[in-house]
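Enquirer: Okay, here's what each chain looks like letter by letter:
There are 2 protein chains.
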Amino acid sequence: MNDRTTTPTDLRKLLLSRIRDVADYPEPGVMFKDITPLLADPEAFVALTDALAGIAERTGATKIVGLEARGFILGAPVAVRAGLGFVPVRKAGKLPGATLGQSYDLEYGSAEIEVHAEDLAADDRVLVVDDVLATGGTAEAAVQLIRRAGAEVAGLAVLMELGFLGGRARLEPALADAPLEALLIV
Amino acid sequence: MNDRTTTPTDLRKLLLSRIRDVADYPEPGVMFKDITPLLADPEAFVALTDALAGIAERTGATKIVGLEARGFILGAPVAVRAGLGFVPVRKAGKLPGATLGQSYDLEYGSAEIEVHAEDLAADDRVLVVDDVLATGGTAEAAVQLIRRAGAEVAGLAVLMELGFLGGRARLEPALADAPLEALLIV
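Protein chains in written order, with our numbering: chain A, 1 to 186; chain B, 187 to 372.
Derived from the structure by calculation, the hints contain no laboratory data.
Treat the hints with caution; some may be incorrect.
As the list claims (entries may be wrong) - Below, computed lysine-lysine pairings styled on DSBU-like, alpha-carbon distance capped at 30 Å:
1. K91(A) <-> K277(B)
2. K33(A) <-> K219(B)
3. K91(A) <-> K33(A)
4. K91(A) <-> K219(B)
5. K277(B) <-> K219(B)
Claimed, not checked - Label-pair ranges, simulated between beta-carbon atoms:
6. A169(A) <-> K199(B): 44 to 54 Å
7. L202(B) <-> E57(A): 27 to 37 Å
8. G109(A) <-> L292(B): 20 to 30 Å
9. A308(B) <-> G101(A): 44 to 54 Å
Yeah, the Cβ is synthetic: ideal placement off N, Cα and C, and Gly gets one too.
Isolated chain A (complex conformation):
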């Protein structure tokens, strides 16, 4: 599926108009896409939530996984809007009790994310929600984590895909036939 055909032009325009470019963050030479103006505007935030909840419905998702921390801000309202359970995937050490962990490579070094495997059942179809698809490292680890927890991956839905970073090419093998839907490609 391709967002270029599935996201209506007026929704794309509304969302884009509420995303702010911040130069040199988090490091010099990087143009950061700041979504806080979008979140602060209820019209845009509700429209974004509805669009992502629509993807949850089309993919037959039974649970929403949100990736810490901005993925929580988008994923949790989608879960409530679609009437689905929400499962946070957190950075290592942030979830209490028994967790399932998955490490992944960063440009320098590695990182690890964790989930409560007991919150995912074998008959769950899980849609992963995040704000941005960049290189796809965290999303790929989340997909692996969901499968290792015994659940099925319904897809990955993001507000924005940074197309020039190649995350889609990296993720498609991991997603297999599950769709990767981006409302905006920037």
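Keeping the supplied structure of chain A fixed, place chain B upon it in accordance with the hints.
Expert: What follows is chain B alone, placed relative to chain A:
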């Protein structure tokens, strides 16, 4: 206002039944209240969101502030449900661009939270949403931050108040006449 009279018994029972006690987290001797089973149960998560959105309506809030990171999971759906803008208050260094910061004391050392002041207007009434009220340090700093950004504080709404930690006594002077509403006191 006192949650003991404003939260219906069946809602309290539903929410309590989905909160899991985890012993010795984050350190030995602490019994951690884990809300992930509640989030994974759509009936409970929707009921929680509705109850908090009801507080937003009763307090005349125009914006919701969520405190990183679990406050994002509760606050963002409340904003969407109530049709209000959402403003994240984050740990220092996590927000791009110009921020307003507020430091506060921890048991050992100190911490700092930040907000995009431009997302709060002088005529905004802001409800702060978080999962747990413990000692109240972060919530107090958030209240100070909102006032320094020029907005009014509509109140603080939490799922759970850990009554034995005395957060309410610490916060009431900072909140002045704004209500502190807890759905559960544990």
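Enquirer: Each of the hints needs a verdict: does it hold here or not?
Expert: Hints versus structure:
Distance hint between K91(A) and K277(B) is fulfilled; the C-alpha atoms sit about 15 Å from each other, no more than 30 Å. Restraint check for K33(A) and K219(B): not satisfied, since their Cα atoms lie roughly 35 Å apart, outside the 30 Å limit. Under the criterion of a C-alpha separation no larger than 30 Å, the hint pairing K91(A) with K33(A) is consistent with the structure, at around 22 Å. The suggested pairing of K91(A) with K219(B) holds, with an alpha-carbon distance near 18 Å, which does not exceed 30 Å.
At roughly 22 Å between alpha-carbon atoms, K277(B) and K219(B) fall within 30 Å of each other, so this suggested pair holds. Distance hint check: the CB atoms of A169(A) and K199(B) are about 49 Å apart, consistent with the given range 44 to 54 Å. Checked against the given bound of 27 to 37 Å, the beta carbons of L202(B) and E57(A), roughly 31 Å apart, stay inside it. Take G109(A) and L292(B): their Cβ atoms lie about 27 Å apart, and the range 20 to 30 Å holds.
Taking 44 to 54 Å as the suggested C-beta distance range, the pair A308(B) and G101(A) conforms, at roughly 46 Å.
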